[in-house]
Amino acid sequence: MVKDIIVGAHYGLKDWLGQRITAAFMVIYTVIVLALLIGQEPLTYEVWYAFMADGFMRFFTFLFILSLMFHAWVGVRDIWMDYAKPTSVRLALHVITLLALLGYTGWAVSILWRL
Amino acid sequence: MTTRTIQFKIYRYDPDKDAKPYMQDISVEVDSADRKLLDAMVKLKAKDDSLSFRRSCREGVCGSDALNINGKNGLACLTDLKSLSGTVVLRPLPGLPIIRDLIVDMTQFFKQYHSIKPYLINNDPPPETERLQTPEERDELNGLYECILCACCSTACPSFWWNPDKYVGPAGLLQAYRFIADTRDQATSERLDNLEDPYRLFRCHSIMNCVDTCPKGLNPMRAIGKIKDAMVRRAV
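Line order of the protein sequences matches chains Y and A.
13 is the number that this note's numbering gives to position 13 of the first sequence; each next residue is one higher, with no gaps.
52 is the number that this note's numbering gives to position 52 of the second sequence; each next residue is one higher, with no gaps.
If you are wondering where the hints come from, they were derived from the structure by calculation, not from laboratory data.
Given the structure is predicted, the values throughout are model-derived calculations rather than measurements.
Careful, some of the hints might be misleading.
[To be verified] Think about it this way: if two alpha-carbon atoms lie no more than 25 Å apart in a straight line, the pair counts; the simulated BS3-like pairs of lysine-lysine are:
#1 A:K228 with Y:K14
#2 A:K228 with Y:K3
#3 A:K47 with A:K82
#4 A:K166 with Y:K3
Using the sequences provided together with the hints, build the complete structure.
In structure tokens form, the structure reads like this:
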């Protein structure tokens, strides 16, 4: 059976731009967190707890988790689009990836607010 | 006149005779008048006339003799024999169907090229004189119009290997930007619509194989970046 090549989904710009913006945010977050933690010796449970219980820290860590998940979604989806040829396989892989990332997000949020 | 012998390992495949491709060991004597790889290949062809390859202008303008030379795509007519030492391995451009020996079927490559409408679209009645540009507007086309469509870049691009039917590829996208950047063209928005697609444009992951391999020293990745810039300017 001959299948037409169908392209023209008219999306991609937001994903591409979003991946770059989340990458920049994650770099800034990582640098700031590392800067704040350096010198906090010894890094005991109490130090970590106080650090992560702060409202600002929670807010930005939550944004970091969202950024990571969005960034990972675009990146992993791109890998499936590059290599997984049958549409059914690709769709299944996309769904599994989305569900996994959604689960990870919920798990990370529950850890963050359990503190 | 000084002479030297160059040892070649050449990809050979004649679908009428060979069950599968093989590498042929062959050597040729070149003298100081033979300056480019193509000169040596013409001598090879005289020695074994069953060897098939494309060539035409022999001066880096027509783009016919693009090959994989020692693992890197390039034009035989622009590759100095002096730059090659040891056994020279010649293969056809990777990722395209083989017609025979070093000749590949470029249908898919040109299909993608045609899909970006590689011509000026301007619905105004033609003026008495040429449609003029300022020197600055003309400068935007530098590094774009020089492309000779040899396919060295697209066939060095893994995204084009995996999705040649859906991804336009670096050569096609460089040409697409050549018309997006042209102030005389009136179809910029349609051109961006045509490319705003996860496969057609966004398979580029900026690995720069195209920049590394272009025998004309062009930068398709920068052109792709400028297409994305134009889309962001349009959307934000």
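Cross-check of the supplied hints:
1. A:K228 with Y:K14: Holds. K228 (chain A) to K14 (chain Y) sits at ~11 Å (cutoff 25 Å).
2. A:K228 with Y:K3: violated (30 Å)
3. A:K47 with A:K82: Roughly 21 Å separates the two Cα atoms, so the pair holds.
4. A:K166 with Y:K3: holds (13 Å)
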